[in-house]
Amino acid sequence: MPTSPHIVLADNSVRAVMFKVLAALVPGVVVHAWMFGPAIWVSLLLTTLFCLVIEALVLAMRDLPLKPFLSDGSVLVTAWLLALSLPTLLPWWLYALGSLFAVLVAKHLYGGLGQNVFNPAMVGYAVLIVSFPAHMNLWPAPVGVAGHTPNLMEALDLVFAGQGAVSPDAYTAATPMDQLRAQVRTGLSAEAVAAASFGLHAKEALVLSYALGGLLLLAHRVITWHVPVAFLGALVATATLLHLIDPGRHADPLFHLLTGSTVLGAFFILTDPVSASTTPLGKLIYAGLAGVITVLIRSFGAYPDGVAFAVLLMNAAVPFIDAYTQPRVFGHSRGRRT
Amino acid sequence: MRFAPTPDEPRLTPFPGGIRLPAHKEVSTQRPIAALPLLPLYVVPLRQHIGEPARPIVQAGDRVLRGQMIGRPEGYVSVGVHAPTSGRVLAVEPRPVPHPSGLADLCVVIEADGEDRAVEPTPLDWHVMDASSLRNRLREMGLAGLGGAVFPSFIKLNPGARRSIPILILNGAECEPWITCDDLLMRQRASEILLGAQIMRHMLGAQQVLVGIEDNKPQAIASMMEAAIGSDIRVVAVPSIYPAGGGKQLTYLLTGRETPAHGLTTDVGVQVFNVGTAYALYRAVVHGEPLTSRIVTVTGHVAAPGNFEVRLGTPIADLLAAAGGELTGATGRVIGGPMMGFELKDTAAPVTKAVNCVLVKDAVHFPPPPPALPCIRCGACARACPMRLSPHELYWYARHRDFGKTQALNLFDCIECGCCSYVCPSHIPLVDYYRFAKSEIWAREREKKAADEARARHEFRLQRLEREKQEKAERLAKKAAERLESGAVSAQDPDAERKRAILAAAIEKARKAKEGVQPRNVDDLPEAVRKEIASIDARRTGGNGADPTP
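Residue numbers (numbering that gives the first Met the number 0), protein chains in the order written: chain A, 0 to 337; chain B, 0 to 549.
Rather than coming from a laboratory, the hints here were simulated on the basis of the structure.
We put the CB at the ideal spot given by N, CA and C, even for glycine.
Where hints are given, some of them may not hold.
Here are some chain B residues the structure puts well away from chain A; computed CB gaps all over 12 angstroms [said to hold, decoys possible]:
(1) P31
(2) I32
(3) L372
Residues from chain B shown here face chain A by an in silico Cβ test under 8 angstroms; the list is partial [said to hold, decoys possible]:
(4) A329
(5) G331
(6) L388
(7) S420
(8) P424
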């Protein structure tokens, strides 16, 4: 017996939401390939393939229907975000391992779609950076900065055979963030490093393309303004404060804004609906604290980038935040807790 | 004299959430309100309003006239029911009625005689009539809210202890898609509606009358504004955002006053009536006609959609026939709108005061909902909720039968408007979960009440038995003592010693009873059960975490 409401919003589905996210990622992927060479296609393809296969296997093991869950697009979003968070040209089995932790552990062991406490892509990233820090520090440099940018065949060779005609030294370089750390340790001022950092123009292009995708998500109401504004705002505020206290040790806010996965995180990772807070005030707290933690980890922590850990820490706090930030229900007086 | 809204129009205060819906109003607004031909048979339910059903005052074989009362209001929250035409009562029996449950209810079945003779109309001199008797007449004349909730109007027209209600709002929002009965009524009978509003205003002692109409009904707005010329009634166009026609939503929109939870709009000095009710009130007071008909929209997948002036009791099958009948490919019928209406199970069910629309569904406009996927917590539902609830959280707890938590999240503030289900990308039938949780909670409360009553009865009985026993023992002991003293048991009696012992035992027993030494009702239980009870008692007294049997 059908019950009310008897109508639903047309062209609205989980699949539609996920494919809008994927579409919004396309500018970023294209710019990535343009600025850093075609290697991104290899890692993107690999994580997509691994994530899909793992998802299918786990669904089969859990006796769940394959079609609705494989086609909902959520696993593709996980795969793409994982690929965009990881360095390109890693050995293939690292992409497999990252995918395994993202899809099997972070997603399905917590109950599958909609049930994961932690952002799956960030779990995959975190496991790899904790377990294989050496590999994860090999970031290919932008085209024109590196001595040699591997072409597609060379990229495949590096990923699958682990070695090729080119040595890693030829195509990788320390990222601006790594450089900053090293130089600060050896006494060069952060300002000097930031100013002289290679490849920031490539990063800028990439960041702008992610921001463009984020604006598309905002325009299509896939995400609300709360998370990006709170995250970027808190990140800039914290970075500014630290920079004012000690400009020699702490980079300026623009540097934080343009490096690492700040903007990707603001629009695509922290906004993952399943693992984010759902109340308006909760989103501000969740994303704002993530911004603060990101800068703190980057400035004082042992890891080069803090976004992943900040996201995971705040993911863990979401049930608590949501419970205490429920909006005032219409007709109820403010401040009355139930 | 004003046509267009002027700067002194009340400022609109948007209510939280809400959604824009495809209206499909044009389908049924192409022609004016049409009357239905007189039918051979009418089935008039005695429960057409919220509250107690009317008590039938006719029986099979009686002759009735149009407008004659056939059901007398019973109890306070009740109104009269009247014959829709003249004829003979065939039966007073349960018949299918338009109700979500699909159950039958008591109806008066009237065979029309074709003459349609009416009782003498009894217009009311409302200017001079005493308020209480005026309300009582409206109660007898069957006035109930025609917006769908069918609450007895005479109760809402009683300002009660407040003495007056400052603001009267006429609800012409008609925010549900497809429905146009209020639209057409406002286009065609605006002055009559406003006359009804003036009577309402008089009864409430209201200073201000506002008419809220969604801006997707420009013709109705123009017509009502024209009728309002020369009066201080304000006709206000409101944005077409569902559910603007909800009483609390419209009140907030037009006045900025927020009705307290579980309260009424009168708590903030506002009374809201549907425009159809104002029109029916006008007919009742000025023309002395009880409520025997209403405007019904027939729309959707029918040959000739439109609005009809329908006698209450008209079988819906006949109404559908008047609208040209259902087209092939009809997939069901909804009573009311697509957002809050319910599926009609039997077209033999009649039109009642609550039926504002019969919507015939087809596969194109009403495709079966796609299979539900897990909730991804996207929050679209929370953004759409006009009550600012957290539908995704309510769903989570309702699904896991954690009803205490659903109540803590204010489940009972949910108005079941359907916004959350409409926008859900996972196509979860959210409202169904809330209905389920509500009915479970109601059922549990009923059970608990019944159990409490049973326990109280049982305890009272035990007490009574104990008291009787005690009284009896006392009586016996007194008697025995008297006999002992009076020497009734003489020394010569060979049984004297035995009798003395029996009497002494009886006195002892009575004393014990008096001291309250009595058997416990657990003494006859098996060992295992007694152990369990002991462990429960221990846990209770031991406080939290002292459970000996984990």
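For each hint, the structure was consulted:
1. P31: Answer for B/P31: holds, closest chain A Cβ roughly 27 angstroms.
2. I32: Holds, since 25 angstroms exceeds 12 angstroms.
3. L372: With a cut-off of 12 angstroms, B/L372 comes too close to chain A, as the shortest Cβ separation is near 5 angstroms.
4. A329: violated (13 angstroms)
5. G331: holds (7 angstroms)
6. L388: holds (6 angstroms)
7. S420: Check passed: Cβ of B/S420 comes within 5 angstroms of chain A, closer than 8 angstroms.
8. P424: With Cβ-Cβ at 5 angstroms, under 8 angstroms, it holds.
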